[in-house]
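Engineer: Single-letter residue listing:
Number of protein chains: 2
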Amino acid sequence: MPDAQPHPFDTAVALEPAREHEWRGHTSPAYANFIGPYGGITAAQMINGVMQHPQRLGEPVSFTVNFAAAVADGEFIVRARPARTNRSTQHWIVEILQNGETMATATALTAVRRDTWSGHEAVMPQVPRPQDVPRTPRRGVEWINRYAMHFFEGFIPRQWEGQGDDVSLTRLWTRDDPPRPLDFASLTAMSDTFFPRIWLRRAKQTPLGTVTMTVYYHADSAVLGKTGTDFLLGQAQGNGFRNGYFDHSGFLWNEAGELLVTTHQLMYFKE
Amino acid sequence: MPDAQPHPFDTAVALEPAREHEWRGHTSPAYANFIGPYGGITAAQMINGVMQHPQRLGEPVSFTVNFAAAVADGEFIVRARPARTNRSTQHWIVEILQNGETMATATALTAVRRDTWSGHEAVMPQVPRPQDVPRTPRRGVEWINRYAMHFFEGFIPRQWEGQGDDVSLTRLWTRDDPPRPLDFASLTAMSDTFFPRIWLRRAKQTPLGTVTMTVYYHADSAVLGKTGTDFLLGQAQGNGFRNGYFDHSGFLWNEAGELLVTTHQLMYFKE
Numbered sequence: 001m002p003d004a005q006p007h008p009f010d011t012a013v014a015l016e017p018a019r020e021h022e023w024r025g026h027t028s029p030a031y032a033n034f035i036g037p038y039g040g041i042t043a044a045q046m047i048n049g050v051m052q053h054p055q056r057l058g059e060p061v062s063f064t065v066n067f068a069a070a071v072a073d074g075e076f077i078v079r080a081r082p083a084r085t086n087r088s089t090q091h092w093i094v095e096i097l098q099n100g101e102t103m104a105t106a107t108a109l110t111a112v113r114r115d116t117w118s119g120h121e122a123v124m125p126q127v128p129r130p131q132d133v134p135r136t137p138r139r140g141v142e143w144i145n146r147y148a149m150h151f152f153e154g155f156i157p158r159q160w161e162g163q164g165d166d167v168s169l170t171r172l173w174t175r176d177d178p179p180r181p182l183d184f185a186s187l188t189a190m191s192d193t194f195f196p197r198i199w200l201r202r203a204k205q206t207p208l209g210t211v212t213m214t215v216y217y218h219a220d221s222a223v224l225g226k227t228g229t230d231f232l233l234g235q236a237q238g239n240g241f242r243n244g245y246f247d248h249s250g251f252l253w254n255e256a257g258e259l260l261v262t263t264h265q266l267m268y269f270k271e
Numbered sequence: 001m002p003d004a005q006p007h008p009f010d011t012a013v014a015l016e017p018a019r020e021h022e023w024r025g026h027t028s029p030a031y032a033n034f035i036g037p038y039g040g041i042t043a044a045q046m047i048n049g050v051m052q053h054p055q056r057l058g059e060p061v062s063f064t065v066n067f068a069a070a071v072a073d074g075e076f077i078v079r080a081r082p083a084r085t086n087r088s089t090q091h092w093i094v095e096i097l098q099n100g101e102t103m104a105t106a107t108a109l110t111a112v113r114r115d116t117w118s119g120h121e122a123v124m125p126q127v128p129r130p131q132d133v134p135r136t137p138r139r140g141v142e143w144i145n146r147y148a149m150h151f152f153e154g155f156i157p158r159q160w161e162g163q164g165d166d167v168s169l170t171r172l173w174t175r176d177d178p179p180r181p182l183d184f185a186s187l188t189a190m191s192d193t194f195f196p197r198i199w200l201r202r203a204k205q206t207p208l209g210t211v212t213m214t215v216y217y218h219a220d221s222a223v224l225g226k227t228g229t230d231f232l233l234g235q236a237q238g239n240g241f242r243n244g245y246f247d248h249s250g251f252l253w254n255e256a257g258e259l260l261v262t263t264h265q266l267m268y269f270k271e
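Sequences listed follow chains A and B, in order. Residue numbers are given in the UniProt record's numbering: position 105 of the first sequence equals residue 105, and the series is strictly consecutive. Residue numbers are given in the UniProt record's numbering: position 46 of the second sequence equals residue 46, and the series is strictly consecutive.
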């Protein structure tokens, strides 16, 4: 059966060339969050500006995005500028602009990788297989529907009674819905799928949002190709929570147990 | 006894105003690394550009630096530009320039913090007190001499026989030598003091260097003031090691057990 419709993720991250170092994109209702778009899709649009740049050298190795303001529904510009190009590495400064105002900033490192000794230390924990974990019923904002999430540890509190846990550890299997072969843009978006750790610690709703996220890509395109449409195991746990800001550290492994991403983020919260 | 000499750290991070958004600095022989300056001092010079900016709003909450090229001995320019200023947060794009070329890029978030619920999850492990751990003899490059390091777990291999460990966990007490009251610049520099995790995994020397480091500041100036010249407990452990790049996650606590910083970095290695 031919797949006539483009995948909603491809529609969301599509960019067309504008001026030098600039691309034009459009927010996607399919990835809407409470206010403005899901941060993971904004991050994916920014890394896609790097991926599409004709001067790009190598593949993403690290990426840090800072969410400076809520992106408004509609058009935006991705400005991706190679600030420094070395023999095998390249450093990028990236911005999302609307009406000339900076809505998000980012830096990225791309590199030509070579075969070396390898040995991941963050090994995949003992967990049930994805087919043995029922899909978690979807609820909430629109972008949640773009992922098949199978939580088996540390799910969102069922009661918001204000009595949280000491530990904010979450584990789940997740992938695009419908399934889509993994690439750097979708891996970047998936790095932001972890719900706020403070929900587990406090079981209380408070205004919050991600202010910065860093992704270290341990996977290159060969590993992404092997991973294809497999589920990814996601794990996240909070570190520090103090006076309006908290951070977590996360990992994504493929079903074969290869570490694809180490990712960290800082969120603000109101009270 | 009056302290006539300025502290070497203050000399190293000193900046004088140049053009708008630009400051002039000078590399410091006291913080020399194998090639060029210690990355932590470069990071501290960049955050100091933000600290000295007359338009700065609030205090550092997050900071990501990317080391694009080896800074040459001599003068440099720190360019620190507020890309977006909101009511209580501000986003910065920072660069180090020499001869008009970008040597390092960074982004930072500063914010006015308010009192909220707090509860660190990354609690300080059970460790000996700093006065019960002998100071580790100094050796190697010059910047090492600027810190009093008291290792008690996961020290640099004594023999480089190429037979490493499965786990690259390090714990130590550390502070400036001579002692200096902690501030955001010195806390940033100390976030980069962890030696390369791959040394513990492989017990083998290979060319390597930090390419990007992220610091999340859980401490505000009040906590820094309380910490003063206390020792900091540092802990770092590697995550992924693959095809030329590896990352670690680190923490710094003060002697009272307060989490000051969560920090992550990615290093390249040659083989």
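Do not rely on the hints blindly, as some may be mistaken.
[As the list claims (entries may be wrong)] Stretch-level coverage of chain B by chain A, calculated; a stretch enters the list once three of its residues show a Cβ under 8 Å from a Cβ in chain A:
| hint | stretch |
| --- | --- |
| 1 | 77-88 |
| 2 | 94-102 |
| 3 | 147-161 |
| 4 | 171-185 |
| 5 | 249-261 |
[As the list claims (entries may be wrong)] In silico contact screen, one side only, chain A against chain B (beta carbon under 10 Å); selected entries:
| hint | residue |
| --- | --- |
| 6 | 36 |
| 7 | 84 |
| 8 | 88 |
| 9 | 158 |
| 10 | 161 |
| 11 | 262 |
In case anyone wonders, no lab produced these hints; they're calculated from the structure. Note that CB positions come from ideal geometry on N, CA and C, so glycine has one too.
Engineer: Please go over all the hints and tell whether each is borne out by the structure.
Structural biologist: Now the hints, each set against the structure:
1. 77-88: holds (count 3)
2. 94-102: holds (count 3)
3. 147-161: Not satisfied, violated; 0 residues make the cut.
4. 171-185: Since three or more residues must qualify, the claim that chain A covers the stretch 171-185 of chain B is violated, with 0 doing so at under 8 Å.
5. 249-261: holds (count 3)
6. 36: Residue 36(A) check fails; min Cβ-Cβ to chain B is 14 Å, beyond 10 Å.
7. 84: 4 Å, holds
8. 88: 9 Å, holds
9. 158: 21 Å, violated
10. 161: It is violated, given that the least Cβ distance between residue 161(A) and chain B is near 15 Å, above 10 Å.
11. 262: 5 Å, holds
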